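Novice: Chains as they are written, first to last, in our numbering: chain A, 18 to 288; chain B, 32 to 294.
In short, the hints are calculated from the structure, not lab data.
Values in this document were obtained by computation on a predicted structure and should not be read as measured data.
It is possible that part of the hints are untrue.
Said to hold, decoys possible - Computed cross-link-like contacts, BS3-like style, restricted to lysine-lysine with a CA-CA straight-line distance of at most 27 Å:
1) Lys221(A) x Lys245(A)
2) Lys204(A) x Lys161(A)
3) Lys156(B) x Lys97(A)
4) Lys161(A) x Lys131(A)
5) Lys156(B) x Lys86(A)
6) Lys204(A) x Lys146(A)
7) Lys175(A) x Lys202(A)
8) Lys122(A) x Lys156(B)
9) Lys53(B) x Lys86(A)
10) Lys156(B) x Lys152(A)
11) Lys146(A) x Lys221(A)
12) Lys217(A) x Lys175(A)
13) Lys217(A) x Lys161(A)
14) Lys156(B) x Lys161(A)
15) Lys161(A) x Lys146(A)
16) Lys53(B) x Lys156(B)
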Amino acid sequence: MISARGVVKTFGTRHVLRGIDLDVQDGETLVIIGGSGCGKSTFLKSVIGLVRPDAGSIEVDGMDITRLKEDVELAEYRRKFGYAFQEGALFDSLTVWENVTFGLKYLTDIPASKYRQIAQERLALVGLKDVSDMKPAQLSGGMKKRVSLARAIAAEPKYILYDEPTTGLDPIMSDIISDLILDLKKKLGVTAIAVTHDMKSACKVGDRIAMLHEGRVLQVDTPARILKTEDPRVRQFVEGRSEGPIHMKLRDYDEEDSAAPAAPRAAGGRG
Amino acid sequence: MRERILALFGSEALEWAESVGKAALLVRSSLLWLIRSPLESRQTLIQMQRIGVESFLVTVMTSFFTGMVLALQTGSSFKSLFNEPLFTGTIVSFAIVKELGPVMTALVVSGRAGAAVAAELGTMKVTEQIDALYTLGTDPVRYLVIPRVLAFLAMLPILTIFADYSGILGGCVVAKLKLGIPTSVYWHEVFDHLENKQFLHGLIKTFVFAFCISYISCFKGLQTTGGAEGVGKSTTSAVVFSMTSVLIVGYFVTAVLVSLGIT
Numbered sequence: 018m019i020s021a022r023g024v025v026k027t028f029g030t031r032h033v034l035r036g037i038d039l040d041v042q043d044g045e046t047l048v049i050i051g052g053s054g055c056g057k058s059t060f061l062k063s064v065i066g067l068v069r070p071d072a073g074s075i076e077v078d079g080m081d082i083t084r085l086k087e088d089v090e091l092a093e094y095r096r097k098f099g100y101a102f103q104e105g106a107l108f109d110s111l112t113v114w115e116n117v118t119f120g121l122k123y124l125t126d127i128p129a130s131k132y133r134q135i136a137q138e139r140l141a142l143v144g145l146k147d148v149s150d151m152k153p154a155q156l157s158g159g160m161k162k163r164v165s166l167a168r169a170i171a172a173e174p175k176y177i178l179y180d181e182p183t184t185g186l187d188p189i190m191s192d193i194i195s196d197l198i199l200d201l202k203k204k205l206g207v208t209a210i211a212v213t214h215d216m217k218s219a220c221k222v223g224d225r226i227a228m229l230h231e232g233r234v235l236q237v238d239t240p241a242r243i244l245k246t247e248d249p250r251v252r253q254f255v256e257g258r259s260e261g262p263i264h265m266k267l268r269d270y271d272e273e274d275s276a277a278p279a280a281p282r283a284a285g286g287r288g
Numbered sequence: 032m033r034e035r036i037l038a039l040f041g042s043e044a045l046e047w048a049e050s051v052g053k054a055a056l057l058v059r060s061s062l063l064w065l066i067r068s069p070l071e072s073r074q075t076l077i078q079m080q081r082i083g084v085e086s087f088l089v090t091v092m093t094s095f096f097t098g099m100v101l102a103l104q105t106g107s108s109f110k111s112l113f114n115e116p117l118f119t120g121t122i123v124s125f126a127i128v129k130e131l132g133p134v135m136t137a138l139v140v141s142g143r144a145g146a147a148v149a150a151e152l153g154t155m156k157v158t159e160q161i162d163a164l165y166t167l168g169t170d171p172v173r174y175l176v177i178p179r180v181l182a183f184l185a186m187l188p189i190l191t192i193f194a195d196y197s198g199i200l201g202g203c204v205v206a207k208l209k210l211g212i213p214t215s216v217y218w219h220e221v222f223d224h225l226e227n228k229q230f231l232h233g234l235i236k237t238f239v240f241a242f243c244i245s246y247i248s249c250f251k252g253l254q255t256t257g258g259a260e261g262v263g264k265s266t267t268s269a270v271v272f273s274m275t276s277v278l279i280v281g282y283f284v285t286a287v288l289v290s291l292g293i294t
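Excised from the complex, chain A in its bound form (with noise of 0.2 Å):
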């Protein structure tokens, strides 16, 4: 189980987590869902220690993350996920089945000569074959994410994170990657976090979708609930309106041309 309290962060003056309070249980898959730059991406990044929190708890398995100083400590929780990094992150100088196959030099005591066939066997999880070989470089962006998710899987996880799992996708393949995460459930039990704008996507993979704005969680239901939300903010999101209580400027003197109505459009040169 996590249970994050009180989660706070800041980076210079933005203050990105103003204080997330989530639980995801065993078995369950929690869909964050928000705006660009709402926090969810650096939420997930806490969760896994790649990002420290200013203050709060990120508790999995009963391990605090934000009390782990040392990097065997932390070496150790991270153990227990996997994470699927929105652009794949994969290593450009390496192959397809060297990059599934990196971790478990580090994660696990699996003998080296089982390397290939291991990569051979999540890579067929993920729907891919005859790719082992290739670089990063001579994949699509589908086929990245896919190798992203055999990688994130390979040394079996308790829990995965997925980074955007469907964005930069068509829609058909960003179906695809939905189905796949829904099969990696159900072969592996896996407990997951998805950070995602793709409500399609969100209410497909999701047990339950957890909004954030502003670096707050605005609410946390099951997807049918939040498709009915009373909430204005969330019902706004969810609908993909750009009118509405939650303000996103369409360019950045907007507010200035508001505040000053007489102000010549040519200063600055902003937009």
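Got chain A; can you put chain B on it based on the hints?
Specialist: Using the frame of chain A, we list chain B on its own:
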């Protein structure tokens, strides 16, 4: 206005101090990882190939022509002063072995291999490959920095030895063809005065240069932010800092070696 200038200098000084502190932590971290975890031997060999073997030709060529220029300048100057190109072999060999060999090799390697290291690590940083290393149970210092530092430390002295021979040989070619010095006389001038401690003098410097170039390149690469533009900036910065540090540190190491009698 004065406050602005002070604030500008203040923030620059703070940034500089922060960078020095972070670089020192990188050195500390790499020493700790080196002690407590097995060496990434495959990665180290790959880096030795990239940093050392692939820099061989350009290093030897540079040194060869440096030796040629040195012989020509020395010989022609001495000819105009004493009517004889005296001690050309001695001067070329001393200058190459003690100073120009190590420095020219370090400059060439920092421009070629140092830039490549900074660009590679920088690209890995902006494409989240460094984060991926953490999530896969290892550490960028262990997997990336240590093999590169060891490769620089192993290969720069070897390259310098080849560069030394190449430079002296370049001097010999000019001495024979342009200055009319018989080859046997040139080599007598070289070996009559050159001792092991002069080789040691040059060799000690190469280790210091390798340390500076490797850590500066790795540090600049790992600190990269801001996409392709950031990679370009950190690569340029790595080369500029590496080359400058070779020249500055070169003086101080020479001063220490001279005071210790290794000269």
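Novice: Each hint: holds or not?
Specialist: Outcome of the hint check:
no.: 1; hint: Lys221(A) x Lys245(A); in the structure: 16 Å, holds
no.: 2; hint: Lys204(A) x Lys161(A); in the structure: 21 Å, holds
no.: 3; hint: Lys156(B) x Lys97(A); in the structure: 23 Å, holds
no.: 4; hint: Lys161(A) x Lys131(A); in the structure: 23 Å, holds
no.: 5; hint: Lys156(B) x Lys86(A); in the structure: 22 Å, holds
no.: 6; hint: Lys204(A) x Lys146(A); in the structure: 19 Å, holds
no.: 7; hint: Lys175(A) x Lys202(A); in the structure: 10 Å, holds
no.: 8; hint: Lys122(A) x Lys156(B); in the structure: 22 Å, holds
no.: 9; hint: Lys53(B) x Lys86(A); in the structure: 17 Å, holds
no.: 10; hint: Lys156(B) x Lys152(A); in the structure: 19 Å, holds
no.: 11; hint: Lys146(A) x Lys221(A); in the structure: 26 Å, holds
no.: 12; hint: Lys217(A) x Lys175(A); in the structure: 25 Å, holds
no.: 13; hint: Lys217(A) x Lys161(A); in the structure: 21 Å, holds
no.: 14; hint: Lys156(B) x Lys161(A); in the structure: 18 Å, holds
no.: 15; hint: Lys161(A) x Lys146(A); in the structure: 13 Å, holds
no.: 16; hint: Lys53(B) x Lys156(B); in the structure: 16 Å, holds
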